[in-house]
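Chain order of the listed sequences is A and B.
Going by the numbering used here, the residue at position 4 of the first sequence is 4; the numbering climbs one at a time, nothing skipped.
Going by the numbering used here, the residue at position 154 of the second sequence is 154; the numbering climbs one at a time, nothing skipped.
If you are wondering where the hints come from, they were derived from the structure by calculation, not from laboratory data.
A hint or two may mislead.
[Said to hold, decoys possible] What the simulated footprint calls covered on chain B by chain A, stretch by stretch (three residues with Cβ under 8 Å from a Cβ of chain A suffice, anywhere in the stretch; the number is not a length): (1) 182–188; (2) 222–232; (3) 296–309; (4) 325–334; (5) 357–365.
Values in this document were obtained by computation on a predicted structure and should not be read as measured data.
From the three backbone atoms N, C-alpha and C, an ideal C-beta is built for every residue, glycine too.
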Amino acid sequence: MSLDKAQIEKIAWLARLAMIEDSLPDYQHDLGNILELVEQIKNVDTEAVAPLAHPVEIMARLRRDEITETDQREKFQQLAPAVAEGHYLVPKVIE
Amino acid sequence: MELSQLLHTGELSSEELTAHFLQRARQFNPALNAYITLTEELALRQAQAADKRLADKTAGALTGIPIAHKDIFCLDGVRTSCGSKMLDNFIAPYNATVVEKCNQAGMVTLGKTNMDEFAMGSSNETSYYGPAKNPWHAEYVPGGSSGGSASAVAARLAAAATGTDTGGSIRQPAALCGVCGLKPTYGRISRYGIIAFASSLDQGGPLAQTAEDAALLLGVMAGHDPRDATSVDRPVEDYLASLNDDIAGLKIGLPKQHFDEKLDDDIAEKIQDAIRQLEQAGAIIKDIDLPNTALSIPAYYVVAPAEASSNLARYDGVRFGHRCDDPQDLADLYCRSRAEGFGREVKRRIMIGTYVLSAGYYDAYYLKAQKLRRLIRDDFQNAFREVDVIIGPSSPTTAFKLNERTNDPVSMYLSDIYTASVNLAGLPAISIPAGFSRRLPIGLQIISNYFAEARILNVAHKYQQLSDWHRQIPGGYE
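Next up, chain B with everything else stripped away, as it sits in the complex:
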């Protein structure tokens, strides 16, 4: 927003702003590994076009603002790797709808950000290109899967970034890197051109420094798309209009399951501090019950791998992507291309998905998980009869050390204990900075009912007027 004003008053050109971010990206990327690819030529071309729009007064609020896209969004003519060796040679032949919408708004594409392979991970460590690092401490993970996007926004290597969230992949890295990350309602943003992981859970969204920026970005990214049958045909609200609404009388629910024994004590305290500030601003705090929360991770690890095993069947070494050398026959071509192209975590999930969908096990796992999915969604619906928003921590811990959890997939999965239920229910939620614990950022999660993104952004913005956590910049990146 502040950058937009500078562009509109002519104090700064988009070309200057773009050159500034590209310079920072080149300078800091060797340490952070936040970008897989920089698109410098494209960025400068788009910046020049943006400056023309600014000069002839056809510019919008985001015209000329540099953004980074997670390397899961297809970008025409640019390698779109999805963090995988499988797609290391894949030049996307078209733009994702989200990319197209950002382009139409006149935004400038700086590059493609690092991510866990096929968005499967909570630490960015499954990336074929090596992990992105947390700018608050280079020995710590940035979270995942949108870890490169969160790292880039936190270190000011981009004004904003796109991400995708299947079980917490926008909110958890946003929390661990101290930025804002919004996962909209399932269907609010088109999935066209987003490389599919688990189609009934995946949703794109923005990572930014403030709730206000996230509101602007959501306004651009959201909307019905005939190319995505699950995108919802419903008008896009003006998310800025309600940002400053009074929160006096707002009913906030605190789920006891999000303040359980798995939550770090220091984080619990800081989250309670934030809740007290909202209470002082007039909000009414109420304890609520989401009894099936503990089942969300087990249910998620049936539904997501099942859908992934089906979606990733397309990588066969025939039409695009990695192909093994000298295949002996068709089966050898499939089996070795896939074994060589996919990393270990992706293979684990494909195998779990294959197992739970296989003959004789479908009812016990997949059907059962879908039933739990309804129970989890009903928990939220019951809660939203009593409260307007649900608040808690985004993640049970702050950032953890590189390699700390790589040998234990299950401990990695539990990073998403407060976020995955939201995906299973299809609800919108944001993570915003709410303090520090041992000098690492803490994220506060705000969840609301379907399509109530405006309410989430309103509460987040109000909190950011009462706090300055979102204005903190990691040391060395000022």
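This is chain A alone, in the form it adopts within the complex:
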């Protein structure tokens, strides 16, 4: 199983990872090896098997619709790289 350069670039874009041209061959090599390992799953007949998403098949619990969280905006925004007037700053999106 191997991925070509264009595929690696597409995956990197979907994952929002900037990819330096020099490191492409390394990723191509490593991801190819990992997918080769993973390919083994295709050899098993699972026609009659239902997928298991979760080890313990539990039901999602509901809670009462009450306010349980307090406003900690200032505390949390201290962690942000760029904020102004209580907002998170990003580069201009709309012209």
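Starting from the known structure of chain A, fit chain B onto it as the hints suggest.
Using the frame of chain A, we list chain B on its own:
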């Protein structure tokens, strides 16, 4: 336990005990790199509070005992890096539930331990802070991802430590460092405040010197938490009460797939020695079959990266964590912040996860892996109709040399060949010391059915009464 007695009889104060461990941590950390951060002020404050509880007789068994937390557990006001450049500047704004429970029990926080970046690794070498070392041999890895915790407990830089286990990340380093490491049933311990890697596999647990200590710690850490929708609402047992139960008649299953050609011969022999000792104590040994074991690593490397790619999408350079300089636009901000903040192994896994979830591939990989997950779980359920516990080696090899496997991710992944299936099934398992091979520790794994942690700890404790491997201290750290 022994330390707890000293505290309760007043022979030792928590402040003295804490100062002792902090002194050792400062002395040995330059060589072992087991801690990323020491929390000395917090530790001394908690130790003084513990001494008050000990004096006025409101102390529990773990009050005043110093513990180290893997740097994946949020600790309010302290950097919680997850071993990543991405979170090098992240000061956790709240405590993980496990940390909160340890605090309530009066335990003393010594610091945050080293780990593979975002818990992705089996050698601690993907840490942004450099690898922790194995105290049994400084040129060898401690295992991973909870390598700093295992190294710290083995070298007596902490009385105990917390870890997390997604594919073997508590049990494999425990095995490689010669300590006990317990991964409880999925849902037994709250994941709230544990930085997420693969949410359907992650589970926290203790690393300690003895099964008895692990039992005490599990009692404190376990329990339902409304803040984690997957934590199970079920009473926490008294894990100490059944530690000494007789194991005569206990049915132990040996899966032939855990004694395969990948297993080192010397380890196989030592594991068989341990099994013979349990047999002499009255256990009944039975060969069992877990036919889909070989598929657990391939299935794991679909499920875990898929969940990781989703969980790690939150690191966008906007709300917390690393942000690149001078972003040109929003896409540039995301792409460069993430490329700079994540290390190579994390990027590989995010990309694998992205690929297997992408349009056109979902059924072939992700859905297929979930079907295999059911087959793997059914294998265990069939086995547990015949036996009470399953025993085998924790890892196919002892500790390996630093840099030996870093260029070959797949060979690194195969370190978890006996442990990852347990995560896919959500079962509890422990690794305990069972001897040495070429002076490096060997780990024995005991797996049981859902929520049968008490049985695992009982068998582990019984074995530790028949052996003294868990009492060995690496040379230079006595």
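Consistency of the hints with the structure:
Figure legend: the segment 182–188 of chain B, annotated as covered by chain A; annotation consistent (3 residues with Cβ-Cβ distances under 8 Å, at least 3 required). Coverage of the segment 222–232 of chain B by chain A holds. Counting CB-CB distances below 8 Å, 4 residues qualify, and the rule asks for three or more. With a threshold of 8 Å between beta carbons, the proposed coverage of the segment 296–309 of chain B by chain A holds, since 6 of its residues qualify and at least three are required. Coverage of a stretch by a chain is defined here by at least three residues with a beta carbon nearer than 8 Å to that chain's beta carbons; for the segment 325–334 of chain B and chain A the count is 8, and the condition holds.
A count of 3 residues in the segment 357–365 of chain B with a Cβ less than 8 Å from any Cβ of chain A is obtained; the coverage claim is therefore met, three being the minimum.
Taken one by one, the earlier hints all hold for this structure without exception.
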